[in-house]
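Each protein sequence line maps, in turn, to chains A and B. Numbered according to the working numbering, the first sequence spans residues 10 to 215. Numbered according to the working numbering, the second sequence spans residues 15 to 201.
The reader is advised that the hints may include incorrect statements.
[Unchecked claim] As a list, the in silico DSSO-like pairs of lysine-lysine whose alpha-carbon atoms are at most 30 Å apart: (1) B:K63 / B:K165; (2) B:K79 / B:K119; (3) B:K179 / A:K59; (4) A:K209 / B:K43.
Hints listed in this document are in silico derivations from the structure and should not be mistaken for laboratory results.
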Amino acid sequence: MLLCAAGLLVACGQQNDRNGNGDRNGNKVTVNPPPGTSAEQPALPVGVDKSPMDMSYYPENFPVLKMQGKAGQQPVARVVYSRPQKHGRTVFGNLVEYGKPWRLGANEATEIEFFRKVTIQQKKVPAGRYVAYCIPYPDTCVGKMKSHLYTWGLKIDSTRDQFAFEIPVAKTIYPYEYFTMQFQSAEAGIELAMMWDSVKAVLPIQ
Amino acid sequence: MKRLAAIVFFLATFIPPSEAQFKIPALDKSPMDMSYYPAEYPVLKVQNKISEPLLARVVYSRPQKNGRRVFGELVEYGQIWRLGANEATEIELYRDCRVNGEKLKKGRYTLYAIPQPGTWTIIFNKETDSWGAFLYDPKKDVLRTDIKTEKMEEVAEVFSMAFTKSDDGVNLVIAWDDVKAAIPFNF
């Protein structure tokens with residue numbers, strides 16, 4: 010419930026931003042302190058989040074493959090992210106503004122974990138966890154990975170940036186209702202596909 | 015009509031194969047969620063209001079009761095239960111701690127339970143990144159501990175996990191249907 014309430018409040022905050030009533034940088038997070046942290050009244054989340062969380066592994070569906078005995082001990086990569094929905098809105102250039110950092114999801118900051126070292130656009134990325142976000146533009150987006158973990162998606166601290174990648178975006182024929190991140194096989198390694206509305210960005214990973 | 019058919023044919027033929035083959039993952043019926051100790055840690059972090067260090071996090075999926083009797087029926091007594099749905103429930107401890115009095119090293123574990131009326135056996139297992147409890151292997155257990163459950167007056171529709179502060183540490187409170195249990199941690 011807390012997470013849900015927080016999500017709603019943050020969503021309301023965003024709405025205000027777009028109407029010009031709030032902080033236009035989206036940096037103001039107005040969330041009431043969790044009311045249920047005392048010992049006598051344990052807080053329990055009762056509703057499910059509006060933008061539910063999801064997980065994508067490489068190899069794809071790693072836990073299922075593992076269960077079937079078709080996968081090794083450890084995956085290569087995993088992303089944990091939340092899935093906002095289009096709901097009839099134009100997403101890019103409107104709901105998600107061009108040129109401004111976007112959290113690649115909703116609620117908790119999107120978390121990418123590499124279980125071994127990888128190479129992305131000739132840059133060596135050590136194994137570990139990163140917060141992922143991006144700065145979208147009409148034809149491209151700058152994907153960023155930073156070290157400031159376990160945080161909320163708004164109020165992005167770009168001083169902690171560790172990696173930046175220029176990712177071309179393509180138009181899709183059909184709009185994606187749900188924001189989707191998915192690791193998938195590519196000709197040379199892996200790619201992380203990110204889709205929402207009529208836009209798709211693909212980041213190759215070796 | 016013929017022209018319409020031609021247009022439909024044209025569109026159908028020209029969908030790039032990669033997009034036609036890519037299956038968009040639908041929203042999960044039992045959506046995933048995350049709970050931290052301190053509660054709402056990510057929100058506190060962006061508000062610069064952190065007063066306690068990060069101690070634990072659980073990532074789990076949230077099945078719903080949907081009018082069913084959960085314990086003793088949907089979740090059978092005496093059987094291993096995945097404490098969630100879909101991907102195995104993952105608990106991460108950022109410090110060495112005691113769970114119900116027993117020592118546990120910091121790290122990432124899969125969490126299971128064996129429910130009985132009035133008591134649950136909680137299991138920390140080192141096989142992570144797994145699915146459900148289908149792969150459960152007791153040889154990979156790191157810790158097993160029994161906790162008491164209590165009846166709730168109000169029914170929890172959605173399976174829920176949340177860390178809360180207790181008198182001398184932290185509880186991971188688990189609730190579904192009319193049953194509630196708390197795993198006590200001391201960090």
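Results of checking the hints against the structure:
1. B:K63 / B:K165: Violated, at about 35 Å.
2. B:K79 / B:K119: violated (34 Å)
3. B:K179 / A:K59: holds (26 Å)
4. A:K209 / B:K43: Distance of about 25 Å is within 30 Å: holds.
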